[in-house]
Amino acid sequence: MNSNPLVPEMLAEYVPVITEILYLIAISMFILGLKRLSSPATARSGNKMAAWAMLIGIVVTLFDQGIVSFEWIIAGIVIGSAIGIALAKKVEMTAMPELVAIFNGFGGGASAVVAGGEYMRLSGVVGTGDSITMAIGVLIGAVTFTGSFIAFGKLKGFVSGSPVMFPGIRVLTVGLFLVVLVEAVMFAMNSGDWLPLVVLAVVALILGILLVIPIGGADMPVVISLLNSYSGLAASAAGFVLNNSLLIVAGALVGASGLILTNIMCVAMNRSLFNVLFGAFGAGESAGPGSTEATGDKTVREAQADDVAVMTAYAQRVIIVPGYGLAVAQAQHACREVGDMLEEKGVDVRYGIHPVAGRMPGHMNVLLAEANVPYDKLFDMEEINSEFSKTDVVLIIGANDVVNPDARENESSPIYGMPILNVDEAKTTVVFKRSLNPGFAGIDNTLFYKENNYMFFGDAKKSLTELISAIKTL
Amino acid sequence: MTDPFLINLFIFVLACFVGFEVISKVPTTLHTPLMSGANAISGITIVGALAVAGFATDLIPGGQGELWATILGFIAIIMATINVVGGFAVTDRMLEMFKKKDDQ
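Chains as they are written, first to last, in this note's numbering: chain A, -8 to 465; chain B, 3 to 106.
Just so you know, these hints were derived from the structure itself, not from any lab.
Pairs of lysine to any residue residues, derived as SDA-like cross-links and limited to a Cα-Cα distance of at most 20 Å, are as follows:
| # | chain 1 | residue 1 | chain 2 | residue 2 |
| --- | --- | --- | --- | --- |
| 1 | B | Lys27 | A | Phe370 |
| 2 | A | Lys418 | A | Glu293 |
| 3 | A | Lys418 | A | Asp297 |
| 4 | A | Lys39 | B | Arg95 |
| 5 | B | Lys27 | A | Ile255 |
| 6 | A | Lys368 | B | Lys101 |
| 7 | A | Lys39 | A | Ser19 |
| 8 | A | Lys463 | A | Tyr305 |
| 9 | B | Lys27 | A | Val258 |
| 10 | A | Lys381 | A | Arg341 |
| 11 | A | Lys336 | A | Asn363 |
| 12 | B | Lys27 | A | Asn254 |
| 13 | B | Lys101 | A | Ser30 |
| 14 | B | Lys102 | A | Asp371 |
| 15 | A | Lys441 | A | Asp298 |
| 16 | B | Lys103 | A | Asp331 |
| 17 | A | Lys147 | A | Gly208 |
| 18 | A | Lys453 | A | Asp298 |
| 19 | A | Lys418 | A | Ala306 |
| 20 | A | Lys336 | B | Lys103 |
| 21 | A | Lys26 | B | Phe14 |
| 22 | B | Lys103 | A | Asp367 |
This structure is a prediction, so every number in the text was calculated from the model and none was measured.
Go ahead and model the full structure; you've got the sequences and the hints to work with.
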């Protein structure tokens, strides 16, 4: 009889109890670690606490009586750590959504393999209940795996960002779902047979692709949040298979977190989750850029760097509203510099951030933090919306739809009902923009034609640099 | 209530409630680190991967699943470790950037 070389024989009988107690400690540390994420001041220590909890969980498991060979374990951990650290160190902050998508994929894939591998280890001696949890684990994990890599491809541009549809995709998707169901039942009925589990895994991998590929690139923040939730649920399912409470709890925490973020993103975009996931299945993208109304008699006021410098430097309160265009133009640092200079002149400067300003929840905050904007200057939509009416100048940089008053006023607008930043309540607004072209959604922005709005045309970075030198000469 | 599935279900549902309570208090500013940190936590599945990869061969009389279990466990360990180590590392890198005005 082999036994774990790490444990002296006389202590072996106590290992299961000690393991469970240490798992409980690890679980508590995960929860406390997440709790510490409720403030930027304690967040870093919270993340470290969760990392320690993970280490405890791994080390404790190594003392498990069943584990007798360590070569493969050590090799796997060394390879995985090297890849993980390399990815984490070199990623650009703008590419965070892609990285999270990759990590999601690996997590889901690992859970699927664990659920399947447990079957191999037990050599098919599994009860009906266990085989159902195994099937669920493999299904969620495999869908997360391929779904995440398609999401990654869409964010990176490898896969078309527009919804990819082909005739019969709906029938195919539903059909494959039925196949999964049938295979799961077959697997549960004759638990000695491995073929249904393999078929189920392959079909689930295809389903992951089919479920994400019809979703537009702009909706990827929702998809990533949802896949994040799935990766947690996959871990939980693996925990059910292994009867491991640590996996179940940790997975449930992640599942809850992903669902909350999914919901926040859906509310911010004024879409239902169903509409995001299956919207393209319906009418088939009628929008297109064709909706340019007669803009004939509407006029815009143009401003130059000097005008904006005077406006802002002699103002009392300025709010900067950044959008993803700011990050695309790599203008975060220039933006922060403008903010700093204005503050030196005694102006109260704040940043108002719409929930969908970046490409994943909270993305813009990270991009600004990277440019050394202090986090106590960043305000979310609910906090800042009542402040605009008391504000002299709002600088809108690289944002468009999220400040379009039509979302509030024009019932026929496609974005009607979407929560927006009420920048038009401020005394003056300045929009930094390349041209008058409608934005991503192809919707005309009525803010541009308001009397108290000025357009500052040009590339965001170039315009901000001009503004910096203009403020300096004042 | 000795059925392990039921006990697991209890644990799962209660943990979901705890998760919702704790995470709904995380401010918008930290949602990206929350997601990548939670992501790292979902790599907890590595614990399962360890069990699958390193399990005793003679626990399974006549089983030929052993080799497959080792290979699958090895793959799972690599994927889960990427998720865990990379996730915690990049979250730490992000959180390090979040500073108050006075700390600068």
